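Listed below are the residues making up each chain.
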Amino acid sequence: MKTEYKIIVDLIEENTRVLDVGCDDGTLMESLKKNKNIDARGIEISKDKVQTCVSKGLTVIEGNAELDLKQFPNDSFDYVVLGQTLQAFVNPEIVIKELLRVGKKAIITIPNFGHWKVRINLLIKGTMPITESLPNDWYNTPNIHMCTIKDFVKFSKIINFKIFKSLALTNKNISNINNSNLFYKNLFAELGIFLIEK
Amino acid sequence: MNIKENIKTLVIKKRLKLDCGKTINNFPLAYETYGSLNKNKDNAILVFHALTGDQFVTGINPVTKKDGWWSYAVGPNKSIDTNKYFVICANVIGGCMGSFGPSHKNPDTNKIYGTDFPVITINDMVNAQVNLLDHFDIKKLFSIVGGSMGGMQVLQFISNFPDKASTVVPIACTSSHSAQNIAFNELGRQAIASDHNWSDGKYLSNNTLPDKGLSVARMAAHITYLSKKGLQEKFGRKLQERDALKFGFDADFQIESYLRYQGSVFVDRFDANSYLYITRAMDYFDLVKQFDGNLSNAFKKTKAKFFVISFTSDWLYPTQENKDIVIALNAIGADVGFVEIKSDKGHDSFLLDVPDFLKTLKNFLDKSYSER
Chain A
1 MKTEYKIIVD
11 LIEENTRVLD
21 VGCDDGTLME
31 SLKKNKNIDA
41 RGIEISKDKV
51 QTCVSKGLTV
61 IEGNAELDLK
71 QFPNDSFDYV
81 VLGQTLQAFV
91 NPEIVIKELL
101 RVGKKAIITI
111 PNFGHWKVRI
121 NLLIKGTMPI
131 TESLPNDWYN
141 TPNIHMCTIK
151 DFVKFSKIIN
161 FKIFKSLALT
171 NKNISNINNS
181 NLFYKNLFAE
191 LGIFLIEK
Chain B
1 MNIKENIKTL
11 VIKKRLKLDC
21 GKTINNFPLA
31 YETYGSLNKN
41 KDNAILVFHA
51 LTGDQFVTGI
61 NPVTKKDGWW
71 SYAVGPNKSI
81 DTNKYFVICA
91 NVIGGCMGSF
101 GPSHKNPDTN
111 KIYGTDFPVI
121 TINDMVNAQV
131 NLLDHFDIKK
141 LFSIVGGSMG
151 GMQVLQFISN
161 FPDKASTVVP
171 IACTSSHSAQ
181 NIAFNELGRQ
191 AIASDHNWSD
201 GKYLSNNTLP
211 DKGLSVARMA
221 AHITYLSKKG
231 LQEKFGRKLQ
241 ERDALKFGFD
251 ADFQIESYLR
261 YQGSVFVDRF
271 DANSYLYITR
281 AMDYFDLVKQ
291 FDGNLSNAFK
301 KTKAKFFVIS
311 FTSDWLYPTQ
321 ENKDIVIALN
331 AIGADVGFVE
341 IKSDKGHDSF
351 LLDVPDFLKT
361 LKNFLDKSYS
371 ER
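Residue numbers (our numbering), protein chains in the order written: chain A, 1 to 198; chain B, 1 to 372.
Same shape as in the complex, but just chain A (with noise of 0.2 Å):
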């Protein structure tokens, strides 16, 4: 499993009820079905990866996170996790908005796009960047709303939510974002994962 997914496993207490927007396969589903007794339920836009969880026995209805958080009731979910696609959105700050009105925390991880690769890519190459973690070209790429992790922390006070931790993934290792380190982990992470609260 993706060391992302056991990170947000590792943040999540036992015997709650998660909601995991974008689920995908259902892999970190399964894993926190499996290993924290969690009550888990999943939202994905692609037909084909809803019957693969299906097929898990997972409880996934398709749908779009945009326009289908609506129909949860405020505080339904102890977590609502959103893996990767905050930037896939027509309206972040919506999205984030809805995460913490239908979840009592949300986990958000979000691909750096403040990591040395991409500032090199741009700056040498003069090409918009392409990475392991941002693999398509800008004009096929989902990603409409690209942020650092600086920007993710800024952006917390913009629009008024609390941070209640901020983890760094670079190279597979896990670390704590704090003020001071906040430049070098906005420079050599991968991906920021962050447990939010309102």
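Keep in mind that the hints were calculated from the coordinates and are not lab data.
Be careful, since some hints might not be right.
Claimed, not checked - Under 7 Å between C-beta atoms, here's a sample of chain A residues computed to sit facing chain B:
id, residue
1, V50
2, S55
3, S76
Unchecked claim - EDC-like, lysine to aspartate or glutamate: derived pairs with alpha carbons at most 16 Å apart:
id, chain 1, residue 1, chain 2, residue 2
4, A, K47, B, D356
5, B, K139, B, D163
6, A, K34, A, D10
7, B, K238, B, D252
8, A, K172, A, E132
9, B, K303, A, D39
10, A, K56, B, D366
11, A, K33, B, E371
12, B, K342, A, D48
13, A, K34, B, E371
14, A, K70, B, D324
15, B, K342, B, D356
16, B, K359, A, D48
17, A, K104, A, E197
18, A, K165, A, E197
19, B, K41, B, D163
20, A, K56, B, E371
21, A, K49, B, D356
22, B, K228, B, E256
23, B, K362, B, D81
24, B, K105, B, D116
25, A, K172, A, E4
26, A, K49, A, E30
27, B, K367, A, E30
28, A, K162, A, E197
29, B, K289, B, D252
30, A, K36, A, D75
31, B, K41, B, D134
32, A, K34, A, E13
33, A, K2, A, E132
34, A, K36, A, E66
35, B, K78, B, D250
36, B, K238, B, D250
37, A, K70, A, E93
38, A, K33, B, D335
39, A, K49, A, D25
None of the values given here were measured: they were computed from a predicted structure.
The beta-carbon is built from N, C-alpha and C at its ideal position, and this holds for glycine as well.
Chain A is fixed; fit chain B onto it per the hints.
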């Protein structure tokens, strides 16, 4: 019809108060079963049929001698695996395959009911069928499954009997019949009523049949079960056994011939008055209104696991109407999965060979069964 005498029938001795206010008792409920009930009696699936279906879900229908209406989905190793599950299906009351319906004789008058038969509802249908559980001594069904009107019965059943099923699979259906649905049904009913032979529903006493009317009703309805794309691909403007247009009103086009054929075979197996009664039951179905405008309340008492399935090209019971059920369930934190299956085959997709659908249904049932 002597064949119909061999149909399995349960005589319901309990009094059943219908929504129309009348009470019926000692009435027949015809049913069929497939597979076998296990020792714990926890492998039973109650399948509900659609408007023109019957209890003969799979195998050869002994009356029509054709494949059962859900042969693609139900059978050994199929989506609803009869090696594993005990499948029960009853003919709805109001129907014409042995259950209490308008072609039966009224014991008080010794005349065939015809339109004197009480108007029945989806609620009445499931209240009649729940008696099958007592008959087989089943405390809780593993699943209830049905498409179209069968899906409506699924929703009504779990709402009436929240503890009587562990999993619930409404397919290509709605919680409330739309104006468009009612309009198409009314077209069918008017086609029957305009047939002179219908004689205000007394045709069986007169030894006539409103074949023309019933056949037109079927033709119109059949169009609503298919998609525009499906029709275009299958028929296009292809001509029927001729090289050029004949400048007349015979079936020049293959689609005309196809519809005429569908109409003509339908009248051999279906009763016109049953068609009136069952379409009426569908039109009266409004689970939202039954729960004062809040569909979620219909499902508040159940802990069952739901799985809702719709089809991309179904314009009769479109995805949004199926999704409304999902939304109502999510609003109360119910356990609900949902998928819209890609298919060009229209509303009929659930009856046909649509591999993604058949696979998904099987996966959901088998996985839920192994985790029960």
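Going through the hints against the structure:
Interface hint status for V50 of chain A: upheld, as the beta-carbon distance to the closest one in chain B is roughly 5 Å, under 7 Å. Evaluation of the S55 of chain A hint against chain B yields a held restraint, the C-beta minimum of about 4 Å falling below 7 Å. For S76 of chain A, the shortest C-beta to C-beta distance to chain B is roughly 5 Å, which falls under 7 Å, so the interface hint holds. A C-alpha spacing of about 10 Å is found between K47 of chain A and D356 of chain B, which places the hinted pair at or below 16 Å, so the restraint holds.
Restraint check for K139 of chain B and D163 of chain B: the C-alpha separation of about 9 Å stays at or below 16 Å, so the hint holds. Distance hint between K34 of chain A and D10 of chain A is fulfilled; the C-alpha atoms sit about 13 Å from each other, no more than 16 Å. Restraint check for K238 of chain B and D252 of chain B: the C-alpha separation of about 9 Å stays at or below 16 Å, so the hint holds. Note on K172 of chain A and E132 of chain A: the hinted pairing holds, with a Cα-Cα distance of about 13 Å set against a maximum of 16 Å.
Restraint check for K303 of chain B and D39 of chain A: the C-alpha separation of about 14 Å stays at or below 16 Å, so the hint holds. Taken as a hint, the K56 of chain A and D366 of chain B pair is honoured in the structure, with Cα atoms around 10 Å apart against an allowance of 16 Å. Among the hinted pairs, K33 of chain A with E371 of chain B is consistent with the structure: their alpha-carbon atoms are about 12 Å apart, no more than 16 Å. For the hint pairing K342 of chain B with D48 of chain A, the CA-to-CA distance comes to about 10 Å; that is within 16 Å, so the pair holds.
Only pairs whose Cα atoms come within 16 Å are accepted, and K34 of chain A paired with E371 of chain B is accepted, the gap being roughly 13 Å. With a C-alpha separation of about 12 Å, the suggested pair K70 of chain A and D324 of chain B falls inside the 16 Å cut-off, and the hint holds. Among the hinted pairs, K342 of chain B with D356 of chain B is consistent with the structure: their alpha-carbon atoms are about 8 Å apart, no more than 16 Å. Distance restraint check for K359 of chain B and D48 of chain A: the Cα-Cα separation of roughly 11 Å lies within the 16 Å cut-off, and the hinted pair is therefore satisfied.
Taken as a hint, the K104 of chain A and E197 of chain A pair is honoured in the structure, with Cα atoms around 7 Å apart against an allowance of 16 Å. Restraint check for K165 of chain A and E197 of chain A: the C-alpha separation of about 10 Å stays at or below 16 Å, so the hint holds. Under the criterion of a C-alpha separation no larger than 16 Å, the hint pairing K41 of chain B with D163 of chain B is consistent with the structure, at around 15 Å. About 11 Å separates the Cα atoms of K56 of chain A and E371 of chain B, which keeps this hinted pair within 16 Å; it holds.
Simply put, K49 of chain A and D356 of chain B have alpha-carbon atoms about 12 Å apart, close enough for the 16 Å limit, and the pair holds. At roughly 15 Å between alpha-carbon atoms, K228 of chain B and E256 of chain B fall within 16 Å of each other, so this suggested pair holds. With a C-alpha separation of about 8 Å, the suggested pair K362 of chain B and D81 of chain B falls inside the 16 Å cut-off, and the hint holds. At roughly 10 Å between alpha-carbon atoms, K105 of chain B and D116 of chain B fall within 16 Å of each other, so this suggested pair holds.
A hinted pair counts as satisfied when its Cα atoms are at most 16 Å apart, and K172 of chain A with E4 of chain A qualifies at roughly 8 Å. For the hint pairing K49 of chain A with E30 of chain A, the CA-to-CA distance comes to about 14 Å; that is within 16 Å, so the pair holds. Of the pairs offered as hints, the one joining K367 of chain B and E30 of chain A holds, with about 13 Å between alpha carbons and a cut-off of 16 Å not exceeded. For the suggested pair K162 of chain A and E197 of chain A, the alpha carbons sit about 5 Å apart, so the restraint of at most 16 Å is met.
For the given pair, K289 of chain B sits about 46 Å from D252 of chain B by alpha-carbon distance, which is inconsistent with the 16 Å threshold. Restraint check: the Cα-Cα separation between K36 of chain A and D75 of chain A comes to about 20 Å, which exceeds 16 Å; the hinted pair is violated. Taken as a hint, the K41 of chain B and D134 of chain B pair is honoured in the structure, with Cα atoms around 12 Å apart against an allowance of 16 Å. Annotation: proposed proximity of K34 of chain A to E13 of chain A holds, straight-line Cα distance about 13 Å (limit 16 Å).
With a C-alpha separation of about 14 Å, the suggested pair K2 of chain A and E132 of chain A falls inside the 16 Å cut-off, and the hint holds. Distance hint between K36 of chain A and E66 of chain A is unfulfilled; the C-alpha atoms sit about 28 Å from each other, more than 16 Å. This hinted pair does not check out: K78 of chain B and D250 of chain B have alpha carbons roughly 42 Å apart, beyond 16 Å. Taking the CA atoms of K238 of chain B and D250 of chain B, the gap is about 14 Å. The hint holds against a cut of 16 Å.
Distance check on the hinted pair: K70 of chain A and E93 of chain A sit about 14 Å apart at the alpha-carbon level, within 16 Å; holds. Note on K33 of chain A and D335 of chain B: the hinted pairing holds, with a Cα-Cα distance of about 14 Å set against a maximum of 16 Å. Distance check on the hinted pair: K49 of chain A and D25 of chain A sit about 5 Å apart at the alpha-carbon level, within 16 Å; holds.
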